[in-house]
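Number of protein chains: 2
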Amino acid sequence: MIVPVILSGGSGTRLWPLSRKNRPKQFLALVGNTTLFQQTVERTQKLGDARSPIVVCSEDHRFTVAEQLQELGLGGSSILLEPAARNTAPAIALAAMQARQNDPEAILLVLPADHLIGDETSFVDAVKRATPLAAQDWLVTFGIRPEAPETGFGYIKRADAVSDSGFKVAKFVEKPNAEAAAQYVQSGDFDWNSGMFLFKASRYLEELEKHSPAIYTATARVFATAQPDLDFVRFDKASMIEVPDDSIDYAVMEKTDRAAVVPVSCRWSDIGSWSALWEAADKDADGNAMQGDVIALDTHNTLVRTYERHMVATIGLDDVVIVATPDATLVAARDKVQDVKKIVDQLSSAGRSEHQAHRQVYRPWGSYDSIDMGERFQVKRIVVKPGSVLSLQMHHHRAEHWIVVSGTAEVTCGEKVFLLTENQSTYIPLGVTHRLRNVGKVPLELIEVQSGSYLGEDDIVRFEDVYGRA
Amino acid sequence: MIVPVILSGGSGTRLWPLSRKNRPKQFLALVGNTTLFQQTVERTQKLGDARSPIVVCSEDHRFTVAEQLQELGLGGSSILLEPAARNTAPAIALAAMQARQNDPEAILLVLPADHLIGDETSFVDAVKRATPLAAQDWLVTFGIRPEAPETGFGYIKRADAVSDSGFKVAKFVEKPNAEAAAQYVQSGDFDWNSGMFLFKASRYLEELEKHSPAIYTATARVFATAQPDLDFVRFDKASMIEVPDDSIDYAVMEKTDRAAVVPVSCRWSDIGSWSALWEAADKDADGNAMQGDVIALDTHNTLVRTYERHMVATIGLDDVVIVATPDATLVAARDKVQDVKKIVDQLSSAGRSEHQAHRQVYRPWGSYDSIDMGERFQVKRIVVKPGSVLSLQMHHHRAEHWIVVSGTAEVTCGEKVFLLTENQSTYIPLGVTHRLRNVGKVPLELIEVQSGSYLGEDDIVRFEDVYGRA
Numbered sequence: 013m014i015v016p017v018i019l020s021g022g023s024g025t026r027l028w029p030l031s032r033k034n035r036p037k038q039f040l041a042l043v044g045n046t047t048l049f050q051q052t053v054e055r056t057q058k059l060g061d062a063r064s065p066i067v068v069c070s071e072d073h074r075f076t077v078a079e080q081l082q083e084l085g086l087g088g089s090s091i092l093l094e095p096a097a098r099n100t101a102p103a104i105a106l107a108a109m110q111a112r113q114n115d116p117e118a119i120l121l122v123l124p125a126d127h128l129i130g131d132e133t134s135f136v137d138a139v140k141r142a143t144p145l146a147a148q149d150w151l152v153t154f155g156i157r158p159e160a161p162e163t164g165f166g167y168i169k170r171a172d173a174v175s176d177s178g179f180k181v182a183k184f185v186e187k188p189n190a191e192a193a194a195q196y197v198q199s200g201d202f203d204w205n206s207g208m209f210l211f212k213a214s215r216y217l218e219e220l221e222k223h224s225p226a227i228y229t230a231t232a233r234v235f236a237t238a239q240p241d242l243d244f245v246r247f248d249k250a251s252m253i254e255v256p257d258d259s260i261d262y263a264v265m266e267k268t269d270r271a272a273v274v275p276v277s278c279r280w281s282d283i284g285s286w287s288a289l290w291e292a293a294d295k296d297a298d299g300n301a302m303q304g305d306v307i308a309l310d311t312h313n314t315l316v317r318t319y320e321r322h323m324v325a326t327i328g329l330d331d332v333v334i335v336a337t338p339d340a341t342l343v344a345a346r347d348k349v350q351d352v353k354k355i356v357d358q359l360s361s362a363g364r365s366e367h368q369a370h371r372q373v374y375r376p377w378g379s380y381d382s383i384d385m386g387e388r389f390q391v392k393r394i395v396v397k398p399g400s401v402l403s404l405q406m407h408h409h410r411a412e413h414w415i416v417v418s419g420t421a422e423v424t425c426g427e428k429v430f431l432l433t434e435n436q437s438t439y440i441p442l443g444v445t446h447r448l449r450n451v452g453k454v455p456l457e458l459i460e461v462q463s464g465s466y467l468g469e470d471d472i473v474r475f476e477d478v479y480g481r482a
Numbered sequence: 013m014i015v016p017v018i019l020s021g022g023s024g025t026r027l028w029p030l031s032r033k034n035r036p037k038q039f040l041a042l043v044g045n046t047t048l049f050q051q052t053v054e055r056t057q058k059l060g061d062a063r064s065p066i067v068v069c070s071e072d073h074r075f076t077v078a079e080q081l082q083e084l085g086l087g088g089s090s091i092l093l094e095p096a097a098r099n100t101a102p103a104i105a106l107a108a109m110q111a112r113q114n115d116p117e118a119i120l121l122v123l124p125a126d127h128l129i130g131d132e133t134s135f136v137d138a139v140k141r142a143t144p145l146a147a148q149d150w151l152v153t154f155g156i157r158p159e160a161p162e163t164g165f166g167y168i169k170r171a172d173a174v175s176d177s178g179f180k181v182a183k184f185v186e187k188p189n190a191e192a193a194a195q196y197v198q199s200g201d202f203d204w205n206s207g208m209f210l211f212k213a214s215r216y217l218e219e220l221e222k223h224s225p226a227i228y229t230a231t232a233r234v235f236a237t238a239q240p241d242l243d244f245v246r247f248d249k250a251s252m253i254e255v256p257d258d259s260i261d262y263a264v265m266e267k268t269d270r271a272a273v274v275p276v277s278c279r280w281s282d283i284g285s286w287s288a289l290w291e292a293a294d295k296d297a298d299g300n301a302m303q304g305d306v307i308a309l310d311t312h313n314t315l316v317r318t319y320e321r322h323m324v325a326t327i328g329l330d331d332v333v334i335v336a337t338p339d340a341t342l343v344a345a346r347d348k349v350q351d352v353k354k355i356v357d358q359l360s361s362a363g364r365s366e367h368q369a370h371r372q373v374y375r376p377w378g379s380y381d382s383i384d385m386g387e388r389f390q391v392k393r394i395v396v397k398p399g400s401v402l403s404l405q406m407h408h409h410r411a412e413h414w415i416v417v418s419g420t421a422e423v424t425c426g427e428k429v430f431l432l433t434e435n436q437s438t439y440i441p442l443g444v445t446h447r448l449r450n451v452g453k454v455p456l457e458l459i460e461v462q463s464g465s466y467l468g469e470d471d472i473v474r475f476e477d478v479y480g481r482a
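As given, the protein sequences belong to chains A and B, one line each in that order.
The working numbering applies: residue 13 is where the first sequence begins, and numbers increase by one.
The working numbering applies: residue 13 is where the second sequence begins, and numbers increase by one.
Okay, chain A solo, but in the shape it has when bound:
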């Protein structure tokens, strides 16, 4: 009966340079081998009778969401594409309308896609304990038992018990100062506001209509424009832009008299900074959290992440964060990592791309990585997923050499269609229509050498595209 709703709209610049606008943190394997998004989805599948999730995400991330769900065997989930970001109240409302359509009694488990939960058993248990409350028309929020007087989170104050494990909410409080936070923790009556909820879709919509009717009405107008497109559901952008931007906390939870909190201790983290990731990560005896090829001498309480074929050596560091990626490296004092936002802002105002795109770029058909670049050439490593096909396309300013290094390609070049396999190459002259398809069962990897006077990604004319980009 529980329908998981995964809120995946975050743009996650606080974990730059690993997290960037085109592939924010929920889609990265920050802890373990699967992504935060996948871990969140998998968590919902541990509930007894969970349905496949409704995901709400930005249009830009639709192929990433679809692929990451497919990897979990959850193709066929509903993926609601927000044509504009309007915060959590409208996002959850769209999901609630979608769920109510299928099942008027549906209970939603609303989870941000980018949270980490160390103790999933406790979390699942809390959801089970919260379910009767949701069935009794409470809007349940999960309150995290505070481990420290954090000033980076909002707090929820408990009032009277409404069940064995739930309490009426006395009040929501904003991020406190250190003194207030210490007092909250000491009192024992406060929990961290996690942004995770359990309630009936219908009940949420009723409360939204009652307390924030403008959001309700505008969102209902958006939902009326829903256009299913395979797993995706698209909405009208102009209508979406009309929706007031607001969080579920402001729009509903702080106003309703049906808010309940179910406290839980489950080693939760919103991974809101590199420092938070360091806190949540497994650490060695020196307090270091290392990932990749790292040699550390006399280094303590430090987080290091690097990438393939790149080692990082550290000497004499304490409380530092080092994140190396192919095109950008961050080195920051651990207690200053919140200023990474300033770096991202600087990059943005300088018209650069490093805050937005990784060197490796994901596409619905696979990915490419710009491995070298010169004045009149660029070299890319291209990976095409089995069965996938790029658009039928043409470039005005560049010719391309393709060398297959793994797998088998079906190449269309002008009128000709032919197969190319490992260690074979071909040439696509400037101006000639071409297409690349992986007809095999294993990933197709090829090296593309582009040659020409202009090598921008926008020199592309698409004639046909299975992903609707033509």
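Possibly wrong hints are sitting among the right ones.
Each pair may be met inside one copy or between any two copies, as identical chains are not told apart.
Capping the alpha-carbon separation at 25 Å, the derived lysine to any residue pairs in SDA-like fashion look like this [as the list claims (entries may be wrong)]:
1) Lys-140 x Arg-170
2) Lys-392 x Ala-293
3) Lys-354 x Asp-330
4) Lys-354 x Leu-309
Derived by calculation from the structure, the hints in this document are not laboratory data.
It should be emphasised that the depicted structure is a prediction, and the values quoted were computed from it without experimental measurement.
The hints should help you fit chain B onto chain A, whose structure is shown.
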């Protein structure tokens, strides 16, 4: 009359990861656009009647030395190739024997290739002031007027004046502790031991024979095996290994009664560590020395170097050294950089290559950079200098695709010889003899995609090689 002798045998691991065994720090542009070696050579050309230099270096660096001299228009210099490193006393003896052969009265100006001199006018002036002393058979060492009570250098104590600007050496003292160093500086009688000398070749050899006859005799035996080969002079390795390993300080300077010191203030640095480079570098208002694409927030007294197409962002750092290279990044506390040696040792004992070779590898004909690598393929960017030619070669385990992206190549593949120009490609099958030549006037750049089950550099059979490597 003055013959510069450039000692270029250092392996320079203290500036890892920028400096590595195959291309140590003297061959890098650490300050300014030319290398330390080139700056040292150019310095000698500012003396009135300087000859072209005698360079003493390792066989491994012969092409680098030849190329860097050529860039200065000093092709035709003598390059003495040490088949084994035996410290400065034998290296200078070989140079002295070479110089004496041409001119029995030759005066040698002996300079390590990896020192920085900020005030060249003062240095040149000191050499001029020292020349009469050298002519009077003094072995002159240049004493750097101490700027601080450094404990990382040896000191020289002055005795009575022997000219307007020179003093008899009272004694040489080893690297002192902090207390002794402070006392030396305060006394005004001590200078830093720079390792730069001026003396007659004949006089040095006489003193060497007198005080360290074993070194003299063994080195004379090596010199008897000299084999000129264009600019290079080669020596017998077995004979070289017989030479006792010793420094000029121990073998001669501390023992002779003809040692004189000429003090000089010339902003000298031996750039013995990243910290020393930071000291010597131009710094911004925050005390930062930055090179490359760097964004620094709230960062002070920090050195950052990065490479092409890679940005480094720093937040909240003080007194840190960050050196990013394509395959390895160092992040170290500035007062702990001497431990970089331990990193290099760890890499060495783990049988890795990052302490020895850069990703970009220099060859006599140009260079290559391994820009990507997979299970059965490797991608290289190859640059061939105008007029240069690779060996006629064959591989047992790999085929190669070549795509020219700049310049013009003459390709030999089996029986065929043909030209390949920008945006043209060819295929070299496994087992086929081939050769690549830059017949043009501009550098030839090509992308090579190797495909095969074994891609090591040692899968090469050379049939002919203009550089004597066949």
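Status of the hints after comparison with the structure:
When the C-alpha separation of Lys-140 and Arg-170 is checked against a cutoff of 25 Å, the pair qualifies only within one copy, where the shortest distance is 19 Å, while the shortest distance between copies is 86 Å. Taking the closest pair of Cα atoms, Lys-392 and Ala-293 never come within 25 Å of each other, the shortest separation being 34 Å inside a single copy and 37 Å across copies. For the homomeric pair Lys-354 and Asp-330, the shortest alpha-carbon distances inside one copy (23 Å) and between copies (18 Å) are both at most 25 Å. In this assembly of identical chains, Lys-354 and Leu-309 lie within 25 Å of each other by CA distance solely across copies; the values are 8 Å between and 30 Å within a copy.
In this structure, only the earlier hint numbered 2 is contradicted, and the remaining ones agree with it.
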